[in-house]
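S.K.: Quick note, the sequences are listed as chains E, U and Y, same order.
At position 149 of the first sequence the residue is numbered 149 (the working numbering), and the sequence of numbers has no breaks.
At position 58 of the second sequence the residue is numbered 58 (the working numbering), and the sequence of numbers has no breaks.
At position 298 of the third sequence the residue is numbered 298 (the working numbering), and the sequence of numbers has no breaks.
These are calculated hints, taken from the structure and not from any lab test.
Values in this document were obtained by computation on a predicted structure and should not be read as measured data.
Beta carbons are placed, not taken as given, at the ideal position from N, Cα and C, and that holds for glycine.
Do not rely on the hints blindly, as some may be mistaken.
Simulated DEER-style distance windows between Cβ atoms [unchecked claim]:
hint: 1; chain 1: E; residue 1: Q22; chain 2: U; residue 2: E25; range: 32 to 40 Å
hint: 2; chain 1: Y; residue 1: P68; chain 2: U; residue 2: E24; range: 41 to 49 Å
hint: 3; chain 1: Y; residue 1: K237; chain 2: E; residue 2: E173; range: 51 to 59 Å
hint: 4; chain 1: E; residue 1: E173; chain 2: Y; residue 2: T47; range: 35 to 43 Å
hint: 5; chain 1: U; residue 1: E80; chain 2: E; residue 2: T75; range: 51 to 59 Å
hint: 6; chain 1: Y; residue 1: G148; chain 2: E; residue 2: E173; range: 33 to 41 Å
hint: 7; chain 1: Y; residue 1: G285; chain 2: E; residue 2: Y46; range: 39 to 47 Å
hint: 8; chain 1: E; residue 1: S139; chain 2: Y; residue 2: S364; range: 40 to 48 Å
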Amino acid sequence: MHLAVTHYCRISGNCIYKDGQQLFEAKDRTFDQFSEDAYRHFHLNYPKFHKMDNLSKLGLLASDILLKNNKLEHTIRPEQIGVILSNQSSSLDTDVKYAGMVKSGVASPAVFVYSLPNIVIGEICIRNGIKGENTFFISDRYDIPSQVNYINRLFENEVFDACIGGWLELMGERYEAFLYLAMKAEKQQLPHTVETIKKLYQNL
Amino acid sequence: MTELKENLKRQIVEQLNLKDVKPEEIGDDQPLFVEGLGLDSIDALELIVLLQQHYGIRLAKAEDGPIVFRSVNTMAEYIEANKK
Amino acid sequence: MSGSVYVAGTGIISAIGNNITESLDSFKEHRSGVDAIRHLHTRHLGTFPLAEVKYSNEQLAELTGLKPTISRTILLSFFAARQAINSLPENILDKNRIGFISASSVGGMDKTEFFFEDYMSDPESGDLRQVQHHDCGKPTNYVCDQLGIKGFVSTISTACSSSANAIMLGARMIKSRKLDIVIAGGVDSLTRFTLNGFNSLMIVDKKQCRPLDQSREGLNLGEGAAYLVLASERVAKEWNLTKICELTGYSNTNDSFHQTALSDEGNGPYLAMTGALKMSKLEPGAIDYINMHGTGTQNNDNAEGKAIERVFHPHYPPLSSTKSFTGHTLGASGAIEAAFSALAIQKGIIYPNYSFSEAMHGLSIKPEQRFLENQKITNVLSNSFGFGGNCTSLIFSKA
Chain E
1 MHLAVTHYCR ISGNCIYKDG QQLFEAKDRT FDQFSEDAYR HFHLNYPKFH KMDNLSKLGL
61 LASDILLKNN KLEHTIRPEQ IGVILSNQSS SLDTDVKYAG MVKSGVASPA VFVYSLPNIV
121 IGEICIRNGI KGENTFFISD RYDIPSQVNY INRLFENEVF DACIGGWLEL MGERYEAFLY
181 LAMKAEKQQL PHTVETIKKL YQNL
Chain U
1 MTELKENLKR QIVEQLNLKD VKPEEIGDDQ PLFVEGLGLD SIDALELIVL LQQHYGIRLA
61 KAEDGPIVFR SVNTMAEYIE ANKK
Chain Y
1 MSGSVYVAGT GIISAIGNNI TESLDSFKEH RSGVDAIRHL HTRHLGTFPL AEVKYSNEQL
61 AELTGLKPTI SRTILLSFFA ARQAINSLPE NILDKNRIGF ISASSVGGMD KTEFFFEDYM
121 SDPESGDLRQ VQHHDCGKPT NYVCDQLGIK GFVSTISTAC SSSANAIMLG ARMIKSRKLD
181 IVIAGGVDSL TRFTLNGFNS LMIVDKKQCR PLDQSREGLN LGEGAAYLVL ASERVAKEWN
241 LTKICELTGY SNTNDSFHQT ALSDEGNGPY LAMTGALKMS KLEPGAIDYI NMHGTGTQNN
301 DNAEGKAIER VFHPHYPPLS STKSFTGHTL GASGAIEAAF SALAIQKGII YPNYSFSEAM
361 HGLSIKPEQR FLENQKITNV LSNSFGFGGN CTSLIFSKA
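Next up, chain E with everything else stripped away, as it sits in the complex:
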């Protein structure tokens, strides 16, 4: 048994793609506006979305679209699904907003809560009932070989049977999400290798 990539989602330039197909576009909108548009277009129906910071909104959107219509919960136990993500800016976008609020005398707990990059993983897990291993790495750029090899090793050691991996970066209006789902499979249409992920990431 190996890990195979079953689905992937890309959000950048106000466009949303799943498995290489464009599903949605909203040009000339700020991220705030674009994320609201996408929320309504895909009928996310999850009021907590509006309370999230932008990094979490980006992650929630990408993961919802990634997992939509996949019978994830029926095949693999929640403790057997992992989430391994990375980015460059950590939660800096929110940190700056929060620092600004403190300066004007109002420390907002709802904003402070998001001043950590792994909260988006928490949100993805809560939304989908995922309980497996989860880590958030910080690096200058998306280090595909490191992340792919790491996920494969964890799979080989039976840490999980499925994993959401990828890059989730947002700073102001500059953002990029690339998430994929790798699952235990016998037949390998898209084996989870450095080559596969590089190809999928660079294709769009």
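Given the coordinates of chain E, work out where chains U and Y should sit on it, guided by the hints.
M.R.: Positioned in the frame of chain E, the structure of chains U and Y alone reads:
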């Protein structure tokens, strides 16, 4: 008191990012937490910030929260009783 | 992955001591590091106690040879990491494949928040040099360069479980034969950002915190840094390293309930502890001491307590929260407590809670209240749970 309650509803929707809720849809006596608007512990803390920011009232003990924030009515009563 | 991973060195600095010996003395002499604020400039001076490292930035700079204007996070990280590798034989780092994995939640924010103040009043003002080390990854890279480590470098940022996860990653890199030695741990320095933030969540105690006590009212924030030197079996043998203990089990899970609170039944902690026990092939009865996450908040201690009772009922090992002495050091806490756990094995120690009067209602567990030495300690479990539901448990065993 009516104006206060209308303001409160608007402020609650804004402060808690309840984008799918219109202020006028919130009942005066509707429970805000659990089954009502489905608010959680972080929302409770934000309401404490709201009290301070808009009404200059400091709720020092988080345990008083459930009583004060039970509904728009209880919040309005608390504000009337404590505003400076 | 196979082969043993040993702890061959430690470096630590916190409010209770600038090295492991001083830290132990503080436990022995029952001295908590929680005190009136001395270094942090904050409007909360006089309201909250903090567990600050006793050295000022100027003193840390003098001791480390770094600039006093540099981020406190870097100063603390370098201080502890250098201490960890100081005990190692000469040339060992040059002749082996080395990794440096550090964790932090704050990064260089202690400097950025000063820049921000100037910048917000006047966008033309503010010293940009204050923000150059802001990113969580920058202190890691800077310290790595200063230590002359050339090899694998990584930064993990998963809130309060960060440095426990750094240690997990280090062990995995060794077991998979990618690296021979990993210096793994974490650091966080106190900032106004953090203090204001935790205060807005209303989980900060205005007095000395009381983890596991029914009367507990929250945590005390702290700062510090700690690093473990992890080494493979082969390197430990070849270089005749001291085997302080072995890292025999670890597990990470997501509680999947709320961004900042644990589920009532402590599901994430339960899965993390049982996962670590499974990996180390130990029954719960084999654990001789639990170093709890034990922050002192209503939510954590209740959830963690419930999870411990689910795993260990009816025989609970001695347990305590050393955060009652060091405060909650956030990104550094996993590593600081891992260092204490490793030492517990080496010297047969059980750490006490700083104070205790009444068990949490609905739970049977009570913390140890005396510092004990020369006990038979073969296996220690250390818990670290972070915001975002990130739960990690580590198990250390006699080598």
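S.K.: 51 to 59 Å was suggested as the range; check whether the CB atoms of K237 of chain Y and E173 of chain E agree with it.
M.R.: holds, 55 Å
S.K.: Quick check: does the Cβ-Cβ distance between E173 of chain E and T47 of chain Y fall within 35 to 43 Å?
M.R.: holds, 38 Å
S.K.: Hint says 32 to 40 Å; check whether the CB-CB distance for Q22 of chain E and E25 of chain U agrees.
M.R.: Since Q22 of chain E and E25 of chain U have Cβ atoms about 36 Å apart, the given range 32 to 40 Å holds.
S.K.: Measuring from beta carbon to beta carbon, are G148 of chain Y and E173 of chain E in 33 to 41 Å?
M.R.: For E173 of chain E against G148 of chain Y, whose Cβ atoms are near 40 Å apart, the range 33 to 41 Å holds.
S.K.: Starting from the range 39 to 47 Å, see whether the pair G285 of chain Y and Y46 of chain E falls in it by beta-carbon distance.
M.R.: Given range 39 to 47 Å: holds, Cβ gap about 43 Å.
S.K.: Falls inside 41 to 49 Å, the C-beta gap from P68 of chain Y to E24 of chain U?
M.R.: violated, 58 Å
S.K.: At the C-beta level, are E80 of chain U and T75 of chain E separated by a distance inside 51 to 59 Å?
M.R.: Taking Cβ atoms as reference, E80 of chain U and T75 of chain E lie about 56 Å apart, which means the hint holds.
S.K.: State, for the Cβ atoms of S139 of chain E and S364 of chain Y, whether the hinted interval 40 to 48 Å holds or is violated.
M.R.: holds, 45 Å
Checked against the numbered hints listed earlier, the structure breaks hint 2 alone; every other hint is satisfied.
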